[in-house]
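Note that the protein sequences, when read in sequence, are chains A and B.
Each residue of the first sequence is one higher than the one before, starting from 1 at the first, in the UniProt record's numbering.
Each residue of the second sequence is one higher than the one before, starting from 1 at the first, in the UniProt record's numbering.
There could be a bad hint or two in this list.
One copy or any two copies: either way a pair holds, since identical chains are not told apart in the list.
Derived SDA-like pairs: lysine to any residue, alpha-carbon spacing no greater than 20 Å straight-line [what the hints assert, rightly or not]:
1. 4 with 280
2. 128 with 372
3. 4 with 96
4. 4 with 307
5. 128 with 304
6. 4 with 15
7. 4 with 306
8. 343 with 235
9. 4 with 125
10. 343 with 107
11. 4 with 200
12. 4 with 374
13. 343 with 99
14. 343 with 138
Read the hints as simulated data drawn from the structure, not as lab findings.
Predicted, not measured: the structure shown is a model, and the values here were computed from it.
Chain by chain, the residues:
There are 2 protein chains.
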Amino acid sequence: MTPKLARFLDSGAYATPAVAVDLDRVAANFAALHAALPDAAIYYAVKANPAAPILDRLAGLGSRFDAASIEEIRACLAAGADPGTISFGNTVKKQSAIAEAHEHGVELFAFDSGEELAKLAQAAPGAKVYCRLSVSQSGADWPLSRKFGTSADHARDLLIEARDLGLIPHGVSFHVGSQQTGVGAYRTAIAQAAMVFTDLRARGIDLRLLNLGGGFPIRYREDVPPIETFGEAIMASVRAAFGNDLPDLLIEPGRAVVGDAGVAVSEVVLACARAEDGGRRWVYLDIGRFGGLAETEGEAIRYRISAPGIAGAATPAVIAGPSCDGVDVMYRDTGYRLPSALKAGDRVLIHDTGAYVTTYASQGFNGFPPPQEYYL
Amino acid sequence: MTPKLARFLDSGAYATPAVAVDLDRVAANFAALHAALPDAAIYYAVKANPAAPILDRLAGLGSRFDAASIEEIRACLAAGADPGTISFGNTVKKQSAIAEAHEHGVELFAFDSGEELAKLAQAAPGAKVYCRLSVSQSGADWPLSRKFGTSADHARDLLIEARDLGLIPHGVSFHVGSQQTGVGAYRTAIAQAAMVFTDLRARGIDLRLLNLGGGFPIRYREDVPPIETFGEAIMASVRAAFGNDLPDLLIEPGRAVVGDAGVAVSEVVLACARAEDGGRRWVYLDIGRFGGLAETEGEAIRYRISAPGIAGAATPAVIAGPSCDGVDVMYRDTGYRLPSALKAGDRVLIHDTGAYVTTYASQGFNGFPPPQEYYL
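Using the sequences and the hints given, assemble the complete structure.
This is how it looks when you write it as structure tokens:
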């Protein structure tokens with residue numbers, strides 16, 4: 001908890017549920033990422049938290065932006081970002097969104113299929129494009145499935161096709177999965193990417209960009225390797241695979257920029273023992289899976305939860321959201337413990353909720369509004 | 001598809017994703033429920049779709065309302081509902097919400113724990129309360145887990161406690177799970193509830209209310225028993241369990257009132273074969289799990305999807321949402337088929353999406369706004 005967040009929480013000047021983000025911590029994380037990977041351009045993954053104060057602060061620090069939609073691109077432009085610093089990173093885009101981005105001056109686009117390439121050729125002629133590879137995401141707490149990416153062979157063919165369509169085949173990308181705690185995933189992926197560079201050089205195409213994606217982990221309840229470990233492992237793999245002819249490197253951190261800069265405050269709505277659940281204690285909060293904590297699905301992301309000021313021993317608790325929906329249960333199996341004295345009206349903190357919380361919140365499930373947001 | 005919805009879709013006067021609801025169909029469903037269970041008061045489960053035009057129409061038809069939150073209660077009052085016709089049905093409520101409801105004149109409250117009862121005694125003195133039983137939900141496509149309800153023995157003790165706290169012990173409720181396709185679940189649950197009535201009569205407490213909950217199924221891809229079958233089975237069970245001294249009956253339908261009155265229109269963003277997924281065809285829509293189709297989690301609710309005007313054979317397809325999130329995949333295993341000619345820019349219809357869609361939609365995940373809503 002940063003001092004600024006602690007002061008805000010002490011002030012009590014907010015209704016729950018609320019999410020507060022310390023912009024100085026955002027800036028510090030950005031600096032730490034730059035220090036760990038000085039050779040890589042940082043494209044902040046806007047989807048992690050697109051709030052204007054965050055985009056403003058990052059734009060001021062010289063960050064670039066990875067956008068998932070035309071709405072996110074508009075938000076970056078509103079924050080003063082140069083369109084030339086925005087990557088349209090979703091490989092699945094409406095043609096109208098591509099056209100609008102292109103009109104705004106966005107030059108860099110992701111793709112992973114021939115169908116997307118055709119849309120790009122039509123709506124963003126002459127744009128720089130990079131092809132997303134499908135790589136192993138083993139080790140990621142929030143993997144991205146087979147929804148994105150293609151094989152190295154197919155990527156090579158598509159990048160040739162891109163040139164033939166009048167686009168600029170600019171590079172390749174991959175994503176090792178979100179909250180990826182292993183550095184090993186990068187080695188294989190970078191080697192795969194390098195093969196595409198080599199193959200294409202033989203075909204007269206000089207790729208420039210290696211987009212290393214995001215997924216850098218932050219500490220929730222368990223320790224993770226520090227960002228320096230990732231920086232070193234990535235650079236060693238890049239040198240091993242590319243020798244002296246290093247490509248332009250790009251990373252797309254989101255969680256690692258804003259995750260631990262935020263804290264959620266929630267009120268306990270009910271705490272009681274459930275005879276029908278073997279006497280287990282259930283704690284119902286005023287934020288749940290549909291109020292922003294969507295990444296608790298399958299108990300994938302395990303947030304640190306504390307109840308400051310509540311004395312007494314901690315006992316096992318199932319932790320659920322406030323809605324009438326039975327799937328709105330955050331933790332049953334992970335083994336959370338909360339003070340046995342916790343009762344309705346008490347406040348709990350859900351830590352490291354700066355990323356992937358506010359935007360997941362439903363617009364009004366069961367009538368509950370999204371959490372209030374505070375940027376400090 | 002109702003003629004009114006068909007005309008609306010033909011008009012093209014909307015952007016996608018959109019959800020359109022035929023209010024006449026809502027009224028017809030309300031009438032059908034009343035005809036199937038004429039002895040039960042209908043409390044529309046507002047959480048299914050709280051849009052003002054729906055609440056207005058239902059209030060005009062004499063519907064009562066089951067609300068999950070104070071925000072839903074305010075919406076009902078704004079639609080002209082008499083506070084005496086509103087049940088605050090969430091067993092997990094903030095004390096401030098109870099107090100506000102009580103001030104507005106709401107008289108009927110659910111609970112299932114001693115802790116909630118204490119809040120009700122304090123914030124809604126003299127209110128009518130009913131205790132939710134935990135019953136088997138086997139047969140439900142969207143069960144409500146162990147999050148709610150208690151045993152018949154505990155319910156009996158709690159209802160006595162309610163009287164001692166100055167509340168009016170008014171009855172019991174249960175919920176057999178949402179999209180419950182079996183009528184058998186009601187028989188056991190009603191017998192359990194009747195035992196509580198009998199036990200309490202011996203203790204000098206005359207319960208009046210049997211709240212049968214909601215969960216009545218609608219036809220998605222598979223046939224379900226008609227509502228008449230549920231009505232007959234429920235009334236037979238009630239008569240068997242209560243004899244001639246029938247309690248006041250209450251049902252809380254949501255899906256059965258608005259589900260098949262709505263249709264979602266979505267644009268195909270990308271359709272392509274995924275070599276990395278064994279050559280499977282993926283179709284990416286501009287609505288997904290975080291754009292409202294949350295009940296596709298685990299492929300639980302299997303919507304009927306059609307692509308009118310697209311000719312050609314249907315072939316297997318994985319169906320995914322537009323976001324960069326790997327879990328934003330709606331159907332992989334259910335065996336959906338879509339026309340092989342389907343391509344980016346084409347429109348598909350997702351049928352029977354009037355319930356549990358609009359409110360689940362995230363406020364802006366990946367920058368995508370919630371679907372536009374149209375009430376006809």
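Status of the hints after comparison with the structure:
1. Proximity of residue 4 and residue 280 under a CA criterion of 20 Å is satisfied in neither setting, with 36 Å inside one chain copy and 50 Å between copies.
2. Taking the shortest alpha-carbon separations for residue 128 and residue 372, neither the intra-copy value of 39 Å nor the inter-copy value of 33 Å comes in at or below 20 Å.
3. Taking the closest pair of Cα atoms, residue 4 and residue 96 never come within 20 Å of each other, the shortest separation being 42 Å inside a single copy and 29 Å across copies.
4. Taking the shortest Cα distances, residue 4 and residue 307 sit within 20 Å of each other inside one copy (18 Å), while across copies they are farther apart (53 Å).
5. Taking the shortest Cα distances, residue 128 and residue 304 never come within 20 Å of each other, neither inside one copy (41 Å) nor across copies (39 Å).
6. In this assembly of identical chains, the alpha carbons of residue 4 and residue 15 lie at most 20 Å apart only when taken from the same copy (18 Å versus 43 Å across copies).
7. With identical chains, the CA atoms of residue 4 and residue 306 are at most 20 Å apart within one copy only, with a shortest distance of 18 Å there and 52 Å across copies.
8. Within a single copy, residue 343 and residue 235 get their C-alpha atoms no closer than 50 Å, and across copies no closer than 40 Å, so neither meets the 20 Å cut-off.
9. For the homomeric pair residue 4 and residue 125, neither the shortest alpha-carbon distance inside one copy (47 Å) nor that between copies (42 Å) is at most 20 Å.
10. Taking the closest pair of Cα atoms, residue 343 and residue 107 never come within 20 Å of each other, the shortest separation being 54 Å inside a single copy and 25 Å across copies.
11. Taking identical chains as interchangeable, the C-alpha atoms of residue 4 and residue 200 are never at most 20 Å apart, the minima being 51 Å within one chain and 55 Å between chains.
12. In this assembly of identical chains, the alpha carbons of residue 4 and residue 374 lie at most 20 Å apart only when taken from the same copy (12 Å versus 44 Å across copies).
13. For the homomeric pair residue 343 and residue 99, the shortest alpha-carbon distance between copies (18 Å) is at most 20 Å, but the shortest distance inside one copy (53 Å) is not.
14. Taking the closest pair of Cα atoms, residue 343 and residue 138 never come within 20 Å of each other, the shortest separation being 40 Å inside a single copy and 32 Å across copies.
The structure fails hints 1, 2, 3, 5, 8, 9, 10, 11 and 14 (numbered hints given earlier, in ascending order).
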